[in-house]
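K.L.:
Which chain is which? The protein sequence lines are A and B, in order. Each residue of the first sequence is one higher than the one before, starting from 1 at the first, in the numbering used here. Each residue of the second sequence is one higher than the one before, starting from 1 at the first, in the numbering used here.
Hints are all accurate, no fakes.
List of simulated lysine-lysine pairs, DSBU-like, C-alpha gap at most 30 Å: (1) K313(B) to K439(A); (2) K405(A) to K439(A); (3) K12(B) to K220(B); (4) K324(B) to K201(A); (5) K435(A) to K320(B); (6) K435(A) to K324(B); (7) K203(A) to K324(B); (8) K324(B) to K199(A); (9) K320(B) to K405(A); (10) K313(B) to K405(A); (11) K199(A) to K320(B); (12) K435(A) to K313(B).
According to the in silico footprint, chain A covers these stretches of chain B (three or more CB under 8 Å from chain A): (13) 59-71; (14) 79-90; (15) 108-116; (16) 305-319; (17) 326-334.
Since the hints were derived computationally from the structure, they do not count as laboratory data. Predicted model, so just to flag it, every value in this text is computed and none were measured. Virtual Cβ for every residue (Gly too), placed ideally from N, Cα, C.
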Amino acid sequence: MTNTAEIIEPREGHREVLESVVVRFAGDSGDGMQLTGSQFTQSTALAGNDLATFPDFPAEIRAPTGTTFGVSAFQINFGARRVMTAGDQPDVLVAMNSAALKVNIGNLRRGGLIILDSGTFKERDLRKAGYDTNPLEDGTLDPYQVVEIDVSKMVVESVKEFGLGTRDALRCKNMWLLGLVYWLYGRDRQPSIDWLNAKFKSKPEVAAANVAALNAGHAYGETVELPGEILGYTVGPAKIDSGLYRNVAGAEALAWGLAAGTQLAELPMFFGSYPITPASSLLHTLARLKQFGITTFQAEDEIAAVCAAIGASYAGQIGVTSSSGPGIALKTEAIGLAIMVELPLVIVNSQRAGPSTGMPTKTEQSDLYQAVYGRNADSPLVVLAANGPGDCFYTAIEAVRLATKFMTPVMLLTDGYIANASEPWMIPDFSSFEKFPVKQHTEAEGFEPYNRDADTLARVWAVPGTPGLQHRVGGIEKDFTSGHISYDADNHQRMTDVRHAKINGVANFIPEQTVDQGEAGGKLAIIGWGSTYGPISRAVSNMREQGKDVAHIHLRHIWPLPRNLGDLLSSYDTVICPEMNNGQLSTVLRAEYLIDVKPLTKVEGMPFKIREIEAAIEAVLGA
Amino acid sequence: MNQQAPIAYKPKDFATDQEVRWCPGCGDYAILKGVQKALADIGTAPENVVFVSGIGCAARFPYYIETYGFHTIHGRAPAVATGVKLANPDLDVWLVSGDGDAMSIGGNHMMHLLRRNIDVNYLIFNNEIYGLTKGQYSPTSRLGTRSPSTPAGSIDAPVSACGLALGAGGRFVARGIDRGQKELPGILQRAHAHKGASFVEILQNCIVYNDGVFDGVVDKSVAGEAQIHVKHGEPLRFGADNAKGLRFNAKAMRLEVVTVGEDGVSEDDIIVHDQTNLALAQMLAAMDRPDFPVAVGVIYDNPADVTYDQAVKAQNESAKADAKITSIDQLLRSGATWQVD
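My request is simple: use the sequences and hints to build the entire structure.
P.N.:
Structure (structure tokens):
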């Protein structure tokens with residue numbers, strides 16, 4: 001029988017009700033952990049919980065099986081209340097093998113639940129995982145509730161009838177454990193069954209085996225008594241704003257935002273990119289959105305990627321390029337060219353831990369200096385930062401708007417966490433978005449390539465193919481209006497000043513900074529940018545519930561800064577800036593406003609924990 | 001009918017009001033003249049022509065051509081030109097580069113532009129020296145070139161521009177000479193007519209830092225013996241009275257110089273130039289003084305069925321035609337969604 005779940009009576013008893021839970025799935029990178037995680041995420045969203053996820057990959061694509069450096073994990077925090085982060089500590093660890101246990105047990109809440117495959121704790125497995133003694137026997141697991149199941153054996157048994165070899169049978173292990181976790185939280189299996197059948201349409205026996213494994217895991221939960229008399233849990237639906245929702249990952253939302261931006265600007269887009277972790281998913285997503293007037297180009301290197309985007313901008317499209325820190329470094333000279341010739345360009349930086357190659361799969365926010373200051377000479381551009389997966393959509397649109405309105409490069413900062421994490425997202429009504437159609441210059445009378453708009457100081461955009469507007473631009477300093485080469489001293493001063501004034505003037509066309517939680521003025525403000533939004537937001541709301549006078553301010557516009565920000569920050573006794581770097585925004589704010597912003601820094605390749613920010617608040621305002 | 005007769009352009013229609021600032025006597029003047037004549041002969045409206053350049057003396061070129069022009073950064077002109085052409089395949093896109101710009105700092109982009117086969121015309125002004133930075137040896141400098149950075153002579157082997165272009169998969173490779181005004185505009189016209197990436201090496205004299213480096217090839221007194229003008233379908237003959245020719249020595253698998261009428265060599269022994277023959281093109285491109293004449297003209301012209309820019313356009317169009325999701329609202333609602341009330 002394939003669907004034993006339907007013929008066995010569930011045990012008596014009631015499910016325990018929980019406010020929120022953090023579950024971490026961990027296994028070999030070939031075990032399908034990300035896939036398992038995304039299926040669980042989908043079912044959790046459908047159950048009405050709020051959630052946040054954190055996929056945590058190893059750098060190795062397929063490290064030797066059973067080793068600690070091949071462990072891949074997926075963490076999800078879901079609850080009956082608003083969930084702002086993927087969770088400080090897992091409550092539940094699902095370990096597919098002994099190496100996954102070894103890597104992940106350190107962060108598990110004491111008293112938390114471990115579900116593990118005891119079939120992977122043989123002497124050879126333990127040696128590969130680096131265990132001297134068997135953690136199942138040496139007391140390592142005493143502080144936790146442990147569910148030991150020989151999953152490997154049970155999976156092979158449950159899919160026997162489909163004639164798969166042992167190796168293929170074992171590949172269904174993730175579905176068996178997913179089935180068990182579905183039972184644990186009372187989830188509907190049907191969407192995953194439908195998904196499996198669709199995914200393995202051409203291999204019906206593989207689909208059937210996976211479904212059988214899923215059902216077998218579920219049935220196991222229903223029939224076998226788990227230690228601690230676990231009868232499953234219920235996490236009620238969260239109170240979230242009404243609307244139509246979906247799950248969205250940052251890279252996906254960013255791609256959609258760029259596609260949306262190109263529609264609002266009513267211009268085609270050219271996306272030039274070179275593969276780099278964690279930015280490649282943007283290229284992959286956009287490559288499938290060509291119907292929106294998007295050309296994607298995988299260049300020979302980072303420099304060619306940005307240069308091709310600049311060439312496309314010169315020819316009248318919206319040039320976009322993307323990378324991560326080291327790749328952005330390579331693009332820097334070309335970004336200077338785009339500043340000099342004043343063409344629209346969007347540069348997406350999915351930041352990762354550095355310097356140099358650093359830790360490509362680990363998140364960090366340490367490219368803020370690079371974005372704001374990191375070019376030769378006085379070369380200002382616009383810098384924006386998305387604060388989470390869904391926000392990437394809006395920030396990408398803003399990047400396209402500002403790049404075309406001001407004829408300037410715009411750097412959009414995300415990070416590895418935002419790019420890969422997913423969250424439920426209320427789908428906006430796109431017809432309500434304000435269009436910003438771009439007008440290219442066609443009038444030959446009085447044309448000079450550096451004629452500027454009086455309000456924005458943006459130069460005219462005259463594209464090849466337009467009769468009578470033939471002109472030359474380039475990286476050599478140009479005459480203030482004609483664009484001819486000029487080495488004139490006064491002209492260089494004037495051009496430097498106008499490039500500076502143009503970018504500063506962007507502040508007049510962006511919203512004033514608002515306070516996310518709390519009011520202007522008070523004892524303490526926490527100012528953040530980018531993916532620290534979740535933990536800061538939750539920490540501040542927890543502290544405010546305790547009556548503490550703390551506000552949360554979160555920047556989208558990093559450069560230029562919102563015009564009221566200096567006054568706003570001055571209205572607090574203390575300002576703390578948590579960031580996943582050594583204090584970069586803090587330095588910028590200090591330099592701009594002469595305010596004693598206190599950095600709260602962390603560079604561990606992991607997002608902030610809520611508790612870490614709460615502790616910083618308590619250190620100022622008392623516990 | 002509102003059809004207009006094509007405008008007849010003159011070379012001066014492609015001259016700008018900018019004062020040309022190359023050193024007096026620089027080979028670039030002659031090339032500029034040749035290009036302006038070629039553009040007039042081709043007859044594309046100036047607004048539909050774009051010149052893209054990198055950095056170096058040659059890279060100043062766009063300022064002197066009355067079309068659209070983009071003077072970019074060192075070595076990256078092929079990448080910028082790629083973006084221009086992909087954004088608007090209807091434009092005639094020309095690249096102007098030097099030996100250092102194209103084959104040193106920009107070597108990677110040159111290789112990929114050629115193998116991708118984007119329909120642009122890529123002109124390399126090869127003077128075998130860095131001019132703008134005041135005379136350092138370049139990747140095409142002969143072994144032993146004395147320069148400020150190699151006072152005892154350069155010790156690294158030079159690259160052959162045409163050989164590199166063929167190796168990278170270039171499907172149109174030609175060589176011209178700055179002062180070869182009779183021939184150069186025609187070569188440029190052929191480059192333009194070729195669908196796909198066209199590569200033209202132009203031997204160019206740097207009067208200040210490398211004066212006379214090509215004298216052994218271009219000086220009138222030796223030109224007849226030192227150059228072979230290759231033409232598709234015609235025997236590969238050169239020298240006084242066209243007495244000499246190239247013969248293929250099958251045993252040694254190489255070309256050899258022979259004289260018709262001597263040592264039993266007849267006209268039939270001379271190879272007839274086939275511009276679609278890659279092996280022949282590679283041998284012709286590699287010929288150098290003193291053992292061989294230098295090949296001038298269209299060495300290789302073998303267009304592919306489709307160019308990269310046309311293939312990109314076709315994919316974009318079929319994506320549009322086949323798309324199931326055609327609006328942003330649809331896109332945002334694709335996949336699993338749920339309603340919260």
